[in-house]
Amino acid sequence: MIKDITIGQYIAGNSPIHKMDARIKILCAFYFIVLLFVIRNPVQYAVITLFIAFMVKLSGVALKFILRGLKPMLFILLFTVIINIFMTPGEPIFELDIFSWTLSITKEGVVTGIYMLLRLIYLVIGTSILTLTTSPLMLTDGIEKILSPFRVIKVPAHEIAMMMTIAIRFIPTLAEEADKIMKAQTARGADFESGSIMRRAKAMIPLLVPLFVSAFRRADELAVAMDARCYHGGKNRTRMKQMKMSRYDIYAGIVFFVLSAILAIAMIAF
Amino acid sequence: MIRVKNLSYIYQPGMPFENQALYDINFEIPDGDFAAIIGHTGSGKSTLIQHLNALIRPTSGSIEIDGENICDKSADLKSIRSKVGIVFQYPEYQLFEETVYRDIAFGPKNMGLDEAEIKDRVYEAIKLVDFPEELLEKSPFELSGGQKRRVAIAGVLSMRPKVLILDEPTAGLDPHGRDEILGQIDRMHKENAGMTVIFVSHSMEDVARLAKHIIVLNHGRVAMDGEVADIFARGEELEKMGLSVPQITQLTRELIARGINIRPDIYTVDFAKNIYKELFCAREEKK
Chain Z
1 MIKDITIGQY IAGNSPIHKM DARIKILCAF YFIVLLFVIR NPVQYAVITL
51 FIAFMVKLSG VALKFILRGL KPMLFILLFT VIINIFMTPG EPIFELDIFS
101 WTLSITKEGV VTGIYMLLRL IYLVIGTSIL TLTTSPLMLT DGIEKILSPF
151 RVIKVPAHEI AMMMTIAIRF IPTLAEEADK IMKAQTARGA DFESGSIMRR
201 AKAMIPLLVP LFVSAFRRAD ELAVAMDARC YHGGKNRTRM KQMKMSRYDI
251 YAGIVFFVLS AILAIAMIAF
Chain L
1 MIRVKNLSYI YQPGMPFENQ ALYDINFEIP DGDFAAIIGH TGSGKSTLIQ
51 HLNALIRPTS GSIEIDGENI CDKSADLKSI RSKVGIVFQY PEYQLFEETV
101 YRDIAFGPKN MGLDEAEIKD RVYEAIKLVD FPEELLEKSP FELSGGQKRR
151 VAIAGVLSMR PKVLILDEPT AGLDPHGRDE ILGQIDRMHK ENAGMTVIFV
201 SHSMEDVARL AKHIIVLNHG RVAMDGEVAD IFARGEELEK MGLSVPQITQ
251 LTRELIARGI NIRPDIYTVD FAKNIYKELF CAREEKK
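First to last, the protein sequences are chains Z and L. Quick note: the first sequence uses this note's numbering, first residue 1, plus one each step. Quick note: the second sequence uses this note's numbering, first residue 1, plus one each step.
Honestly, the hints are just simulated from the structure, not real lab data. Treat each hint with caution, since some may be false.
Said to hold, decoys possible - Have a look at the derived ranges for each label pair, beta carbon to beta carbon:
hint : chain 1 : residue 1 : chain 2 : residue 2 : range
1    : L       : Q12       : Z       : A201      : 21 to 31 Å
2    : Z       : A228      : L       : E134      : 32 to 42 Å
3    : L       : E68       : Z       : F192      : 50 to 60 Å
4    : L       : N69       : Z       : F192      : 22 to 32 Å
5    : Z       : F86       : L       : A171      : 56 to 66 Å
6    : Z       : M226      : L       : V269      : 36 to 46 Å
7    : Z       : G195      : L       : D230      : 47 to 57 Å
8    : L       : R102      : Z       : A201      : 10 to 20 Å
9    : L       : Q89       : Z       : I166      : 19 to 29 Å
10   : L       : E142      : Z       : A215      : 13 to 23 Å
Glycine included, every Cβ here is placed at the ideal spot set by N, Cα and C.
Model the full structure from these sequences, guided by the hints.
Okay, structure coming up:
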């Protein structure tokens with residue numbers, strides 16, 4: 001179960017998406033999310049669906065991997081759809097009377113429900129493509145570069161990026177550690193899987209205490225190691241890998257321009 | 001009796017990171033045995049021992065403990081886990097309770113025993129690992145490294161396992177702490193007739209000192225399985241696998257290669273002491 005975490009997982013590859021500059025890729029992902037929330041008619045949804053299918057294909061990452069990111073979202077997805085279906089006012093297509101309370105499904109509700117579902121799924125897939133094709137290091141470097149203009153208003157761009165790098169770096173380590181501790185406690189008869197919610201919450205103590213202790217220990221060791229190598233923040237730091245734009249970034253720009261144009265036309269025409 | 005038959009295990013089958021850790025493992029460990037599992041890093045030792053108390057299920061094959069197949073869906077995991085205790089690598093990192101007593105009592109409590117019985121077992125366990133009674137009410141986080149490890153081992157012993165598995169119990173300890181832990185394990189095995197001990201180790205010296213029976217793993221397969229003497233007699237094969245024989249054995253082998261007449265089956269320094277003494281005396285007399 002812990003091994004299912006896909007955050008920070010990167011699948012090396014050689015696709016055009018892999019070769020894009022991290023900065024441009026992040027901006028594209030943001031722009032894509034904005035587009036997702038602007039579109040509102042079926043033709044636009046069809047266009048976006050085709051687009052995302054094309055992107056998945058282009059990235060060369062197995063679909064199974066991308067869909068795995070959806071699994072933890074299942075509850076939120078379901079919840080959103082149900083709330084939308086029942087709570088949107090409009091023309092009822094089905095009504096259910098429970099005592100004095102009418103539960104009704106409206107046509108508008110079904111439509112918004114489906115739209116919301118697609119939006120969230122595409123959101124996850126879109127961001128998964130970003131994180132699966134960009135190494136965490138490139139990703140945080142990209143974020144640092146994107147944030148660096150805001151340094152004028154005292155945004156600590158380098159520190160934010162460094163914290164993110166460390167956090168991402170430690171996800172697999174801590175997941176592995178959690179797995180180990182869980183096994184050790186299971187071997188001593190601990191039961192993490194059955195019982196009421198209260199019991200299960202209590203059963204987490206033998207896992208969480210050692211995990212926190214070890215996280216602090218690791219943080220401390222890392223701080224000492226960074227200090228020993230004279231780390232002093234982002235000032236005057238140079239990079240081994242300079243970020244360079246390539247023709248793939250220009251292609252990406254063109255693709256997104258065309259996509260926006262089609263969506264705009266679809267919005268006016270339908 | 002532990003019987004492992006045709007055991008194979010694949011990590012994350014069907015994923016891009018799919019990785020076969022164990023291939024067709026077969027071996028038997030009789031009751032009361034003191035077995036060592038050796039192999040270099042990544043040879044599948046840790047994966048193998050986790051199978052022995054059903055923490056992971058094999059991809060194929062079976063494991064029988066006292067005639068009961070523990071891979072069965074219907075197997076009673078709780079009773080298997082109280083029968084087979086595992087002390088993992090660096091077990092002190094799993095301590096979590098407020099006091100040493102409560103940490104050691106965690107296992108027996110999960111077994112559903114009553115307070116009096118739990119108390120008996122905690123006291124018995126600390127006696128086995130030589131942990132001072134006065135420290136029982138201390139927080140485990142205040143103890144020294146070696147003592148933390150003893151508490152962690154006691155936490156497994158308090159379940160009174162019939163089979164005790166130790167994964168590198170001496171890793172990260174100083175020579176003094178190492179000797180103490182090994183001595184306690186040895187004593188425990190001798191005092192509790194019928195208790196099976198399996199220990200995983202890198203140190204051939206430790207293996208030679210304690211084990212009766214060695215299973216050598218190499219790239220997820222059983223490369224050798226036999227008595228200590230038989231395994232260490234195959235020193236060259238071991239070296240090819242990135243393992244070695246005890247230093248004293250190596251020394252003896254080199255002396256033999258230079259034409260000195262000495263018996264080849266020397267595995268511990270204690271045993272070697274007398275043999276070498278005799279050798280020197282004989283040479284002195286000749287002069």
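Mind checking the hinted window 19 to 29 Å against the Cβ distance between Q89/L and I166/Z?
-> 25 Å Cβ-Cβ, so the 19 to 29 Å window holds.
50 to 60 Å as the expected CB spacing between F192/Z and E68/L, which holds or is violated | 24 Å, violated
Satisfaction of the hinted span 13 to 23 Å by the C-beta atoms belonging to E142/L and A215/Z | 19 Å, holds
Using the Cβ atoms, figure out if F86/Z sits within 56 to 66 Å of A171/L.
-> 58 Å, holds
Does 47 to 57 Å hold as the CB distance between G195/Z and D230/L, or does it fail?
-> 49 Å, holds
May I ask you to test the hint 21 to 31 Å on the CB atoms belonging to Q12/L and A201/Z?
-> 29 Å, holds
May I ask you to test the hint 10 to 20 Å on the CB atoms belonging to R102/L and A201/Z?
-> 19 Å, holds
Status of the given 36 to 46 Å range, CB of V269/L versus CB of M226/Z = 43 Å, holds
Honestly, do A228/Z and E134/L meet the 32 to 42 Å range at C-beta?
-> 39 Å, holds
Per the hint of 22 to 32 Å, is the separation of the Cβ atoms of N69/L and F192/Z within bounds?
-> The hinted range 22 to 32 Å holds for N69/L and F192/Z, with Cβ atoms some 24 Å apart.
Comparing the model with each earlier hint shows a violation of hint 3 alone; every other hint is respected.
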